[in-house]
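K.L.:
The sequence shown runs contiguously to residue 343 in my numbering.
Keep in mind that the hints were calculated from the coordinates and are not lab data.
Warning: the hint list may mix true and false statements.
The calculated label-pair distances, taken between Cβ atoms and stated as ranges, are [stated by the list, open to error]:
(1) Lys100 with Asp121: 29 to 35 Å
(2) Leu62 with Glu94: 34 to 40 Å
(3) Ala72 with Ser42: 40 to 46 Å
(4) Lys103 with Leu144: 56 to 62 Å
(5) Ala107 with Asp127: 27 to 33 Å
If you're wondering where the values come from, they're calculated on a predicted model, not measured in any experiment.
Cβ coordinates follow ideal geometry from the N, Cα and C atoms, glycine included.
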Amino acid sequence: METSTNDHVPASSEEIYRRMLEVEQELIEFQESSKELEQTLEDELRELESQNDLLLAQVRAKDAKISELSHTVIRLNKELATVSAESAARDKENKDIIADLKKTLVAMEISNDDMASRDRVLEQKLSLANQFNNELLEKIALTENDLEMEREANARHQLTISNMQNAANTGNITSSRIKRDSTYQDFSMAEGTILDINEMLATEPPVPVKQRSMPRSDSLHKMQQLHSMSDILLHKVGEMNLALKSPSTTEVSKQKVPIQGEEKKPSLSYSPSIHNLSRIQRDMESQHERSGSESTITPASKRVSTSGSATSKERKSSESKKKTKLRSVMKSFFA
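Construct all of the structure, not just a fragment, from the sequences and the given hints.
P.N.:
So, in structure tokens, the structure goes:
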């Protein structure tokens, strides 16, 4: 083996030494280059470590942010669920409100149709009412015309009543003359007079006898009765005037009443007592004619004797008419 090595040994030592120096120089260069490489690697390692630390810090920050965002997402999901539930409830409520509004709208449309039909009915009724009002206005115009005619008739009738009052006043003058000559005796005599009147009313009119004379006491008694009846007549005439002055619903009848030779005029049929007004008026006219022809009170026998120019038949008829009129007047007042 030594021989083999010796075979490969260079021939000169100088070459060997030179080779050693080269190798040593290469080693030194290798060491220096390795140190530079190590230093470079260390620097790169430190830089990578610093970058790693920075990345780890960023990762931790990102993890914290991700955790925070996860909590935010969970919270937002909860809020979204709550809002969704509220929105669903609100949507349901709105749907219910819309359904109620639709029902109300349908009811209002039905009500509007009913109101329109009622309006048509009311318009028809209004037209009928207007037509009826027009007819009533025509009737009112006719009624006012009738009322005007009735007022004119009332005015004419008041003229008739004033004439009757004049006749009654004339009768009162005659009664005052009678009253100066005779007065009532007492209440018993008045009762007897009423009984005599009732008996006379109950009996039939007596048959007129030729040249029948009436005692003076009977004549005075009947004149007193006429005086009392004239007072009652005046009272009733005053009531009639008050009734005619007030707005009454009197009806104009075609009953004719002669007044002192005037033309016959329509009178008012206001009450049952006024219905006999023509008979009372005729009796008052006959009494007025008697009072005008006689200045003083004379017995019936004396009046019959003074009318010698008249025939006995006329005297009988006049006396019977006077008695009949007297009975009718007394019946009308004491009925």
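K.L.:
Work down the list of hints and note, for each, if the structure agrees.
P.N.:
Outcome of the hint check:
1. Between lysine 100 and aspartate 121, the C-beta spacing of about 32 Å keeps the proposed range 29 to 35 Å intact.
2. Take leucine 62 and glutamate 94: their Cβ atoms lie about 46 Å apart, and the range 34 to 40 Å is violated.
3. A hinted range of 40 to 46 Å for the beta carbons of alanine 72 and serine 42 is consistent with their spacing of about 44 Å.
4. Separation of lysine 103 from leucine 144 is about 59 Å and conforms to the stated range, judged on CB atoms against 56 to 62 Å.
5. In this structure the hint that alanine 107 and aspartate 127 lie 27 to 33 Å apart at CB holds, the actual value being about 30 Å.
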